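Chemist: Start from the sequences and build out the full structure, keeping to the hints where you can.
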Amino acid sequence: RAVMSLPRLCFTDNMFCCIQVLPPMGIPLERHTGASWNQGMELMMERCLDARYIITLDYDTVFTRKNVENLLRTIETNPEIDALCALQMRREQDGLLFYFDRGHSDKPKEVAIPVEELRNPSLPVLTGHFGFTVIRVESLKKVPKPWLAAIPDENGSWGQGRMDADIAFWRRWNDAGNTLHVATRVPVGH
Numbered sequence: 001r002a003v004m005s006l007p008r009l010c011f012t013d014n015m016f017c018c019i020q021v022l023p024p025m026g027i028p029l030e031r032h033t034g035a036s037w038n039q040g041m042e043l044m045m046e047r048c049l050d051a052r053y054i055i056t057l058d059y060d061t062v063f064t065r066k067n068v069e070n071l072l073r074t075i076e077t078n079p080e081i082d083a084l085c086a087l088q089m090r091r092e093q094d095g096l097l098f099y100f101d102r103g104h105s106d107k108p109k110e111v112a113i114p115v116e117e118l119r120n121p122s123l124p125v126l127t128g129h130f131g132f133t134v135i136r137v138e139s140l141k142k143v144p145k146p147w148l149a150a151i152p153d154e155n156g157s158w159g160q161g162r163m164d165a166d167i168a169f170w171r172r173w174n175d176a177g178n179t180l181h182v183a184t185r186v187p188v189g190h
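Heads up: the sequence shown is residues 1 to 190, going by our numbering.
No wet-lab data here; the hints were simulated from the structure. Each hint should be verified, as a subset may be incorrect.
[Said to hold, decoys possible] Pairs of lysine to aspartate or glutamate, EDC-like flavour, derived with a Cα cap of 20 Å:
| # | residue 1 | residue 2 |
| --- | --- | --- |
| 1 | K145 | D175 |
| 2 | K141 | D50 |
| 3 | K141 | E117 |
| 4 | K141 | E80 |
| 5 | K142 | E46 |
| 6 | K66 | E76 |
| 7 | K141 | E116 |
| 8 | K145 | D164 |
| 9 | K145 | D166 |
| 10 | K142 | D166 |
| 11 | K145 | E46 |
| 12 | K141 | E76 |
| 13 | K142 | E80 |
| 14 | K142 | D175 |
| 15 | K145 | D50 |
| 16 | K142 | E76 |
| 17 | K142 | D50 |
| 18 | K66 | D13 |
| 19 | K141 | E69 |
[To be verified] Pairwise CB distance ranges, derived in the manner of DEER restraints:
| # | residue 1 | residue 2 | range |
| --- | --- | --- | --- |
| 20 | E117 | L9 | 35 to 45 Å |
| 21 | D175 | P79 | 16 to 26 Å |
| 22 | E116 | K145 | 37 to 47 Å |
| 23 | V115 | R8 | 38 to 48 Å |
| 24 | P187 | V137 | 21 to 31 Å |
| 25 | V115 | T33 | 38 to 48 Å |
From a predicted model like this one, the values you see are computed outputs, not experimental measurements. Every residue, glycine too, gets a C-beta built ideally from N, C-alpha and C.
Modeler: In structure tokens:
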């Protein structure tokens, strides 16, 4: 099943992707509208706990049927992968939407990836995104709730040093012993 939080008015290219790709594949799409992205996503994910996989989508991600097939094939043929996100660029700055577990910091930095690793269908990462990600439901069930809760900075504020709900989710995901990979052959628009 697929889940997406979106505003009342949305990006039409994404809607055409959803309409043209998901129903013909037999993948139902659930949506939530409202100001609280994290609460809506968590509520929808809770409703999908009877599924094998949950595909999370952002309302500004564009994708094809081949992208969906490649994500599902990669996670299905690699049981050690608990969640798999597509390659997706940041909007306001250069770089991809994930961090490696290689001297991780919360600040973007350049990391050299050996060519041999890029030949793999996926790479393990520490954090990813929810723009186009497939999550193994049996692995999600191991993560304590709340799944998508932000964490304030050390002063209890929401400035520099806070942890947004999506990043906090991936930290909880890792703490539960789950893996996250990025699919090296599934680039999607953002």
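Chemist: All the hints need checking, so say for each whether the structure fits it.
Modeler: Hint check results:
Under the criterion of a C-alpha separation no larger than 20 Å, the hint pairing K145 with D175 is consistent with the structure, at around 12 Å. Note on K141 and D50: the hinted pairing holds, with a Cα-Cα distance of about 11 Å set against a maximum of 20 Å. A distance of roughly 30 Å separates the Cα atoms of K141 and E117; the hinted pair therefore is violated under the 20 Å criterion. For the proposed pair K141 and E80, the alpha carbon gap of about 16 Å is at most 20 Å, so the pair holds.
Restraint check for K142 and E46: the C-alpha separation of about 13 Å stays at or below 20 Å, so the hint holds. Taken as a hint, the K66 and E76 pair is honoured in the structure, with Cα atoms around 15 Å apart against an allowance of 20 Å. About 33 Å separates the Cα atoms of K141 and E116, which puts this hinted pair outside 20 Å; it is violated. Using a Cα cut-off of 20 Å, the hinted pair K145 and D164 holds, with the two alpha carbons roughly 15 Å apart.
For the hint pairing K145 with D166, the CA-to-CA distance comes to about 13 Å; that is within 20 Å, so the pair holds. Between K142 and D166 the CA atoms are separated by roughly 17 Å; this keeps the pair inside 20 Å, and the hint holds. Proximity of K145 to E46 is assessed by CA-CA distance (about 10 Å); at most 20 Å being required, the pair is judged to hold. Using a Cα cut-off of 20 Å, the hinted pair K141 and E76 holds, with the two alpha carbons roughly 18 Å apart.
For a cut-off of 20 Å, the pair hint linking K142 to E80 stands: about 15 Å separates their Cα positions. A threshold of 20 Å between alpha carbons decides the hint, and for K142 with D175 the separation of about 10 Å falls inside it, so the pair holds. For the given pair, K145 sits about 17 Å from D50 by alpha-carbon distance, which is consistent with the 20 Å threshold. Only pairs whose Cα atoms come within 20 Å are accepted, and K142 paired with E76 is accepted, the gap being roughly 19 Å.
Between K142 and D50 the alpha-carbon distance is near 14 Å, which keeps this suggested pair within the 20 Å criterion. Distance check on the hinted pair: K66 and D13 sit about 16 Å apart at the alpha-carbon level, within 20 Å; holds. Among the hinted pairs, K141 with E69 is inconsistent with the structure: their alpha-carbon atoms are about 24 Å apart, more than 20 Å. The hinted window of 35 to 45 Å between E117 and L9 holds, with their beta carbons roughly 41 Å apart.
Against the hinted window of 16 to 26 Å, the Cβ-Cβ separation of D175 and P79 comes to about 20 Å, which satisfies the hint. For the pair E116 and K145, the supplied restraint of 37 to 47 Å holds, since their beta-carbon distance comes to about 39 Å. For the pair V115 and R8, the supplied restraint of 38 to 48 Å holds, since their beta-carbon distance comes to about 45 Å. For the pair P187 and V137, the beta carbons lie near 25 Å from each other, so the given range of 21 to 31 Å is met.
The beta-carbon spacing between V115 and T33, approximately 43 Å, falls within the hinted interval of 38 to 48 Å.
Of the hints listed earlier, those the structure fails to meet are numbers 3, 7, 19, in rising order.
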